[in-house]
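K.L.:
Given the coordinates of chain F, work out where chain Z should sit on it, guided by the hints.
Now for the letters of each chain:
There are 2 protein chains.
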Amino acid sequence: MSLKPIAELGEFGLIEKIAELCEPTLAAAEGLQEGIGDDCAVYRLSESILQVATTDLLVEQVHFDLLYSPLQHLGSKALSVNVSDVAAMNAKPRYALVSIALPPSLPAEAVEQLYKGMAHAAGLYGVALAGGDTSASKSGIVISVTAVGETSPEQLALRSGARVGDMICVTGALGGSAAGLQVLMREKRIMVEHLENNEPYDKNIMANLKEYQGAIQCHLLPSARTDIIDYFHREGITPSAMIDISDGLSQDLQHICRRSGTGAHIEEGRIPLHPDARHIAEEFQHDALDYALGGGEDYQLLFTLGTEKFQNIATHPDITVIGKITPKEEGVNMSDIYGMQIDLAEHKAGFRHF
Amino acid sequence: MSLKPIAELGEFGLIEKIAELCEPTLAAAEGLQEGIGDDCAVYRLSESILQVATTDLLVEQVHFDLLYSPLQHLGSKALSVNVSDVAAMNAKPRYALVSIALPPSLPAEAVEQLYKGMAHAAGLYGVALAGGDTSASKSGIVISVTAVGETSPEQLALRSGARVGDMICVTGALGGSAAGLQVLMREKRIMVEHLENNEPYDKNIMANLKEYQGAIQCHLLPSARTDIIDYFHREGITPSAMIDISDGLSQDLQHICRRSGTGAHIEEGRIPLHPDARHIAEEFQHDALDYALGGGEDYQLLFTLGTEKFQNIATHPDITVIGKITPKEEGVNMSDIYGMQIDLAEHKAGFRHF
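Protein chains in written order, with full-length UniProt numbering: chain F, 1 to 354; chain Z, 1 to 354.
FYI, nobody ran anything at the bench for these hints, they're computed from the structure. Wrong hints could be hidden among the right ones.
Okay, the calculated bits of chain Z under chain F, using three or more residues with CB under 8 Å as the criterion [to be verified]:
#	stretch
1	18-30
2	41-49
3	60-74
4	87-97
5	141-155
6	270-278
Cross-link-like lysine-lysine pairs, in silico, DSSO-like; alpha carbons within 30 Å at most [to be verified]:
#	chain 1	residue 1	chain 2	residue 2
7	F	Lys4	Z	Lys188
8	Z	Lys17	F	Lys138
9	Z	Lys4	Z	Lys138
10	Z	Lys309	Z	Lys324
11	F	Lys4	F	Lys17
12	Z	Lys4	F	Lys17
13	Z	Lys4	F	Lys116
14	Z	Lys4	F	Lys138
15	F	Lys309	F	Lys328
16	Z	Lys138	F	Lys4
17	F	Lys17	Z	Lys324
18	F	Lys138	Z	Lys116
19	Z	Lys138	F	Lys138
20	Z	Lys17	F	Lys116
21	Z	Lys92	Z	Lys116
22	F	Lys92	Z	Lys17
23	Z	Lys138	Z	Lys17
24	Z	Lys188	Z	Lys210
25	Z	Lys188	F	Lys138
26	Z	Lys138	F	Lys188
27	F	Lys188	Z	Lys4
28	Z	Lys138	Z	Lys116
29	F	Lys17	Z	Lys138
30	Z	Lys138	F	Lys116
31	F	Lys92	Z	Lys92
32	Z	Lys116	F	Lys4
Estimated spans, in silico, between C-beta atoms of each pair [stated by the list, open to error]:
#	chain 1	residue 1	chain 2	residue 2	range
33	Z	Ser139	F	Gly31	34 to 40 Å
34	F	Ile190	Z	Glu109	40 to 46 Å
35	Z	Lys210	F	Gly31	56 to 62 Å
36	Z	Val164	F	Lys116	38 to 44 Å
37	F	Glu47	Z	Met191	53 to 59 Å
38	Z	Lys210	F	Ile49	49 to 55 Å
39	Z	Glu199	F	Asp65	41 to 47 Å
40	F	Arg258	Z	Glu199	50 to 56 Å
Yeah, the Cβ is synthetic: ideal placement off N, Cα and C, and Gly gets one too.
Isolated chain F (complex conformation) (with noise of 0.2 Å):
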């Protein structure tokens, strides 16, 4: 590594770095299976049974803004990431453990709503907050959970088992948690000029927010596709790879094809966009598609799956087939509603740039 500053290097680029540093250490668990680089790490208990555990940091004002954040919402919230990192393993969730930095000045009642939010959403999953850590913080609350889980060996879905052929699917709706966001930062722009200006704010403008409810939903409080993996191990569906949508479908599908060694093709008239999103998008005048290609914090499950298993999920009313993989030498590819073919390779970046 060199001088230069974190930022210059990216969070892929230091990443990288880390699972090149921590290499070295892998050899020293018998059972681990899977390092760095997937949504989990892969351990084996025994011969029938794989452990995976995760674990994801939020920071004030870089992943979530008190303002607009209550924090119930918050605390599920960051289970609720977590436990889609199981669940993209095709694993059930078993315990979390939950570590927290707080301001010192901060009410009682506020860590009392935070955990009532993160044990009702454990309650959801069926998840046992079974032990964490406190400390003071400096600046802004920091939430550090770590979720474990349990799958089989025949059950386990990596992102890199995608092969040529395979249909690519997608849970739910997407672009609804970019929509929500937009929305709720244009109204903490407003309350801060009132605030600024000394003029009073009036709370009653949130009543407005109601035709958002839905996006903003999505992004204050997503829930983890634990029912889609209870339906694949009722069905005995094993995706050949599966991943969460943190990052945006583009970059998400991406980690996939990088995984598993492939390219891939989707098409825009496939993909399932949130209502909301539609009527935000024209009201900020963006793309819509834009919000889920790009946009991220969705947590729906986008998979692999054999061809032959096509009359499985095309009953299921939640999952979409959106393309298919194909030879790595094709690339990552979307034909849009015209036709188009856009290499989405190309927007590193996410698709806020597109």
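P.N.:
Just chain Z, lined up with the frame of chain F:
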């Protein structure tokens, strides 16, 4: 909870509240044997294998100061304090997940140093660095480590198992870390004063620190006592209760007594003091015993054991018997070198204000 700030509630009050809020989720994970309240959560993997898991948060300016913490040491310590919690369950560490929030202006080289230290320690403990998360930080470095280990139902040592009559034992020597920290803080003050007065700071002055080297190393580069766990497993010793000394001997002994429903009696004259703690205490006109009782961060093991096992530990050069477990009514006491009885429970905040 009330609207009073967390600072008023105190760390232990906060943990109690959080445990209460998380309690309803514990039934969710069938295999969960111990939730919040011990060094690790305990999860039953099979009839014969228990998993233990712990997580710790290190926050810049709260837990460490880069002015005197080399980043390699910091990386090593971040892992060691978690492995120490695993050891305190009489378990062997297996893998760890590491999350880190970094100011974007930090040079990439700094991250390399941090992970080099971590990877080096991981190598010593046989721990795989299996995954993690990276994030930007708005102020200072935050490191969150989760460590996972394994033991058996027969070998597991909780805080709650001490029985009246058991010996109270401690590994290594105590007080080195707190003594080292006192020296480092004085050096920092001198450095800051020089900078504020625009005087050149002579780096060679640090050469004087050589005579404090042992204590400083205790603070900056502590080791988890996995060697003791290996010894226990080889000899078939299972402590009736165990904890690692992170809050100071007084607090940590009280943790064992509270969870076990017992009292304890220790003798000042038997407490093994770090040799550097004595001469540093003299220089600072401090009581060396304070460092051991209230200083904390020694990461030695404090455990209880039935007297029938006395022969097994009497031969170990690094284990000292310092007292015995008594009935609850007798409280947690120490007789000093003059034979006076001191009630340790009256000094809840540790011995800094003793």
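K.L.:
Next step is simple, just say for each hint if it's right about the structure.
P.N.:
Hints, one by one, checked against the model:
1. 18-30: holds (count 9)
2. 41-49: Three-residue rule met by the stretch 41-49 of chain Z, so holds; n is 5.
3. 60-74: holds (count 4)
4. 87-97: Satisfied; 3 residues make the cut.
5. 141-155: holds (count 4)
6. 270-278: violated (count 0)
7. F:Lys4 x Z:Lys188: holds (27 Å)
8. Z:Lys17 x F:Lys138: holds (22 Å)
9. Z:Lys4 x Z:Lys138: Holds, at roughly 26 Å.
10. Z:Lys309 x Z:Lys324: holds (13 Å)
11. F:Lys4 x F:Lys17: holds (13 Å)
12. Z:Lys4 x F:Lys17: violated (44 Å)
13. Z:Lys4 x F:Lys116: holds (18 Å)
14. Z:Lys4 x F:Lys138: Status holds; Cα separation ~19 Å.
15. F:Lys309 x F:Lys328: This hinted pair holds, its Cα atoms lying about 23 Å apart.
16. Z:Lys138 x F:Lys4: Measuring from Cα to Cα gives roughly 19 Å; hence the hint holds.
17. F:Lys17 x Z:Lys324: Measuring from Cα to Cα gives roughly 50 Å; hence the hint is violated.
18. F:Lys138 x Z:Lys116: holds (26 Å)
19. Z:Lys138 x F:Lys138: holds (10 Å)
20. Z:Lys17 x F:Lys116: holds (11 Å)
21. Z:Lys92 x Z:Lys116: Holds, because 22 Å separates the two Cα atoms, which is no more than 30 Å.
22. F:Lys92 x Z:Lys17: holds (28 Å)
23. Z:Lys138 x Z:Lys17: Judged against 30 Å, a Cα distance of about 28 Å means the pair holds.
24. Z:Lys188 x Z:Lys210: holds (16 Å)
25. Z:Lys188 x F:Lys138: holds (19 Å)
26. Z:Lys138 x F:Lys188: holds (19 Å)
27. F:Lys188 x Z:Lys4: Between Lys188 of chain F and Lys4 of chain Z the Cα gap is close to 27 Å, so the pair holds against 30 Å.
28. Z:Lys138 x Z:Lys116: holds (24 Å)
29. F:Lys17 x Z:Lys138: holds (22 Å)
30. Z:Lys138 x F:Lys116: OK: Lys138 of chain Z and Lys116 of chain F at ~26 Å, within 30 Å.
31. F:Lys92 x Z:Lys92: Holds: Lys92 of chain F and Lys92 of chain Z sit about 25 Å apart, inside 30 Å.
32. Z:Lys116 x F:Lys4: holds (18 Å)
33. Z:Ser139 x F:Gly31: 34 to 40 Å: holds (38 Å)
34. F:Ile190 x Z:Glu109: 40 to 46 Å: holds (43 Å)
35. Z:Lys210 x F:Gly31: 56 to 62 Å: Since the Cβ atoms of Lys210 of chain Z and Gly31 of chain F sit about 43 Å apart, the hinted range of 56 to 62 Å is violated.
36. Z:Val164 x F:Lys116: 38 to 44 Å: Between Val164 of chain Z and Lys116 of chain F, where Cβ atoms are some 40 Å apart, the hint holds.
37. F:Glu47 x Z:Met191: 53 to 59 Å: The hinted range 53 to 59 Å holds for Glu47 of chain F and Met191 of chain Z, with Cβ atoms some 57 Å apart.
38. Z:Lys210 x F:Ile49: 49 to 55 Å: holds (52 Å)
39. Z:Glu199 x F:Asp65: 41 to 47 Å: Holds - the Cβ-Cβ distance for Glu199 of chain Z and Asp65 of chain F, about 43 Å, lies within 41 to 47 Å.
40. F:Arg258 x Z:Glu199: 50 to 56 Å: Holds, at about 54 Å.
In summary, the numbered hints that this structure violates are 6, 12, 17 and 35.
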